[in-house]
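Novice: The chain contents come next:
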Amino acid sequence: MSKKVIYGVFDDEEVLLSSAKALRSKGVRIKDVFSPFPIHGLDPIIGIKPTRLSNAAFFYGMFGTSFAIWMTWYMLISDWPMNIGGKPNFSWFENMPAFIPVTFELTVFCAAHGMVLSYLLVNKLYPGRKPHNPDLRSTDDKFIMEIQSSENKRVTEDEILSTLRNTGAIEINHKDLK
Amino acid sequence: MEHHSTATVRQPLILGEKTYHQISEDISRPIEGKANNLFKVVFTISALLALWGVGCFAYTIGTGIGVWGLNKTVGWAWDITNFVWWVGIGHAGTLISAILLLFRQRWRMSINRSAEAMTIFAVICAALFPVMHMGRVWCAYWVLPLPNQFGSLWVNFNSPLLWDVFAISTYFTVSLVFWYTGLIPDFATVRDRQMKPRMRKIYNILSFGWSGSAKQWSRFEEVSLVLAGLSTPLVLSVHTIVSMDFATSVIPGWHTTIFPPYFVAGAIFSGFAMVLTLLIIMRKVLHLEDYITIQHIELMNKIIILTGSIVGVAYLTELFTSWYSGVEYEQYAFLNRATGPYWWSYWSMMTCNVITPQLFWFKKIRTSLIATFIISIFVNIGMWFERFVIIVTSLHRDYLPSSWTMFHPTFVDLGIFIGTIGIFFTCFLLFSRTFPVIALSELKTIMKSTSENPKQPHH
Chain E
1 MSKKVIYGVF
11 DDEEVLLSSA
21 KALRSKGVRI
31 KDVFSPFPIH
41 GLDPIIGIKP
51 TRLSNAAFFY
61 GMFGTSFAIW
71 MTWYMLISDW
81 PMNIGGKPNF
91 SWFENMPAFI
101 PVTFELTVFC
111 AAHGMVLSYL
121 LVNKLYPGRK
131 PHNPDLRSTD
141 DKFIMEIQSS
151 ENKRVTEDEI
161 LSTLRNTGAI
171 EINHKDLK
Chain R
1001 MEHHSTATVR
1011 QPLILGEKTY
1021 HQISEDISRP
1031 IEGKANNLFK
1041 VVFTISALLA
1051 LWGVGCFAYT
1061 IGTGIGVWGL
1071 NKTVGWAWDI
1081 TNFVWWVGIG
1091 HAGTLISAIL
1101 LLFRQRWRMS
1111 INRSAEAMTI
1121 FAVICAALFP
1131 VMHMGRVWCA
1141 YWVLPLPNQF
1151 GSLWVNFNSP
1161 LLWDVFAIST
1171 YFTVSLVFWY
1181 TGLIPDFATV
1191 RDRQMKPRMR
1201 KIYNILSFGW
1211 SGSAKQWSRF
1221 EEVSLVLAGL
1231 STPLVLSVHT
1241 IVSMDFATSV
1251 IPGWHTTIFP
1261 PYFVAGAIFS
1271 GFAMVLTLLI
1281 IMRKVLHLED
1291 YITIQHIELM
1301 NKIIILTGSI
1311 VGVAYLTELF
1321 TSWYSGVEYE
1331 QYAFLNRATG
1341 PYWWSYWSMM
1351 TCNVITPQLF
1361 WFKKIRTSLI
1371 ATFIISIFVN
1381 IGMWFERFVI
1391 IVTSLHRDYL
1401 PSSWTMFHPT
1411 FVDLGIFIGT
1421 IGIFFTCFLL
1431 FSRTFPVIAL
1441 SELKTIMKST
1451 SENPKQPHH
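Quick note, the sequences are listed as chains E and R, same order.
Following my numbering, the numbering of the first sequence begins with 1 at its first residue and continues without gaps.
Following my numbering, the numbering of the second sequence begins with 1001 at its first residue and continues without gaps.
What the hints contain is simulated information worked out from the structure, not anything from laboratory work.
Worth double-checking, as some hints may not be accurate.
What the simulated footprint calls covered on chain E by chain R, stretch by stretch (three residues with Cβ under 8 Å from a Cβ of chain R suffice, anywhere in the stretch; the number is not a length) [said to hold, decoys possible]:
1) 45–59
2) 104–113
3) 155–168
In silico BS3-like links for lysine-lysine, alpha-carbon gap of 30 Å or less [as the list claims (entries may be wrong)]:
4) E:K21 - R:K1363
5) R:K1363 - E:K175
6) R:K1215 - E:K124
7) R:K1363 - R:K1448
Part of the chain R face toward chain E, derived, beta carbon under 7 Å [claimed, not checked]:
8) S1024
9) N1036
10) F1039
11) N1148
12) W1154
13) N1156
14) W1163
15) G1209
16) W1217
17) S1218
18) R1219
19) I1241
Note that CB positions come from ideal geometry on N, CA and C, so glycine has one too.
In isolation and in its complexed conformation, chain E is listed as follows:
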């Protein structure tokens, strides 16, 4: 059996949303949606789990805090204690107020950059990558729903096509995958 991809093209995000709901209620699996901007409320309908990037950012931030605490302790308390302006240098804790700014900055630095690097990594974004949006108009004003026939054994292709047509798709395109 040849693998077939159906692209339903919409020109309004709300029409696409109600169409996606109708397809889901018939048991159709929607592979992906390409849009020029985020469509709110789409993720639960097509089964996208909430991203865990913010949890990752929290741990990167904690790493930054710990690193800053270790760095200030090692450099100014342990390795070469310096008496600066009579400020106590016997223990990290006594000198801690002066270390707060650097600790804060390193926390933000690690959380922000760690999160952005993870984001680029999981989204597979890097200079020179080939974009895989099926239609050039999907970054301008069209919203494109991608349905793979091989994933939808229980629903006939004709049923998918007629649902798409009846729920407001302005165009339906096919592509055969080898």
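Guided by the hints, dock chain R onto chain E, whose structure is given.
Specialist: Showing chain R alone in chain E's frame:
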């Protein structure tokens, strides 16, 4: 789509009959079109000023900072004034993109991209000054926590100057990635419009191969929100730490606890003035009047009234505190500011920062482009004088009257200041013709709800 009626309380943020496609067209036009003569003239002037600045920087590096007007008493003058001025200008960009995002202010969407670009270029200009002031710029890496070659003597984490190194570098890099993360989908829009393979290739590299799938957008929104949450305390910390460069020194006029909030308010005040200066020109030259509307200008002017008034109250509080402290050095520092040899800079500061922004209480003035433009220039000048007053008037008459002196800038001081203005405008002009100057994908999300009579798609 009747339920998507335009809000009646607020005026529309996008004027004219727009469609999603029209937004892509309008924002991509400056990138795809040819530069007009006005652009070429302004760009040439900015580039020449930037070159003159680079020349003065080179002269400073080659000869030493003795070519500046600094002396034994006034060891900090225009260099640090310019540093604080530029960093402060940068703060409005982060306020607009991060703090207004957290407050869900939709009017930020037409202006955040260019304001963030302004932040990045302003921080670059700012960073040049402390690096140049080091004298031996090739030793600039000594401020990093690296062991020196004689043994492991480390940097001093008790010093606000070192806190500044961490604050400014974090601020610059985080602002840069925040800006770029938002740019990626918009570069993809520009990429997919290009017919010429070369342009397509360039914008594909810039867009990192963005495709706009549902998962990518879901992560995009999360990253934007968390970066806004991180940038908000970051921007407040940066100017707090800048103010501590002064506040932790035992110098009359500097050693006050009001400095952090007073500096942060002043930074946002001056930053909004610079955003207005730039945007009033940009909306005209790039024909973006439908997106950067009078309402946007008015809202920014309201922030100018608020922050300008905070700055005014801080000036008066400083005067009161110096009198009430009973410390005669502290009292003299302020008396000297207002009536000493630098009285003209003090009163320029007072006029530009405290009086002129109060004109925005009149609706006619805050909705007038010409008046706003003129007042924004006044605020830019006033905020430069504020830093000059704080720095030079506190130093030039120190504890020992025999070393009292004046500061006289040299042509090099003037050259590098004007040079950074040239660098700033050159970068901004290049940005305005190669990057999408408005966050178009974000703007499309609010088109239906805030557009003036949006065109409905046909079915």
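Novice: It remains to establish, for every hint, whether it holds in the given structure.
Specialist: Okay, the hints, checked on the actual structure:
{"no.": "1", "hint": "45–59", "in the structure": "holds (count 7)"}
{"no.": "2", "hint": "104–113", "in the structure": "holds (count 8)"}
{"no.": "3", "hint": "155–168", "in the structure": "violated (count 1)"}
{"no.": "4", "hint": "E:K21 - R:K1363", "in the structure": "violated (48 Å)"}
{"no.": "5", "hint": "R:K1363 - E:K175", "in the structure": "violated (58 Å)"}
{"no.": "6", "hint": "R:K1215 - E:K124", "in the structure": "holds (11 Å)"}
{"no.": "7", "hint": "R:K1363 - R:K1448", "in the structure": "holds (28 Å)"}
{"no.": "8", "hint": "S1024", "in the structure": "holds (5 Å)"}
{"no.": "9", "hint": "N1036", "in the structure": "violated (26 Å)"}
{"no.": "10", "hint": "F1039", "in the structure": "violated (26 Å)"}
{"no.": "11", "hint": "N1148", "in the structure": "violated (10 Å)"}
{"no.": "12", "hint": "W1154", "in the structure": "holds (4 Å)"}
{"no.": "13", "hint": "N1156", "in the structure": "holds (6 Å)"}
{"no.": "14", "hint": "W1163", "in the structure": "holds (4 Å)"}
{"no.": "15", "hint": "G1209", "in the structure": "holds (3 Å)"}
{"no.": "16", "hint": "W1217", "in the structure": "holds (4 Å)"}
{"no.": "17", "hint": "S1218", "in the structure": "holds (5 Å)"}
{"no.": "18", "hint": "R1219", "in the structure": "holds (5 Å)"}
{"no.": "19", "hint": "I1241", "in the structure": "holds (6 Å)"}
In the structure shown, a violation is registered for the earlier hints numbered 3, 4, 5, 9, 10, 11, in ascending order.
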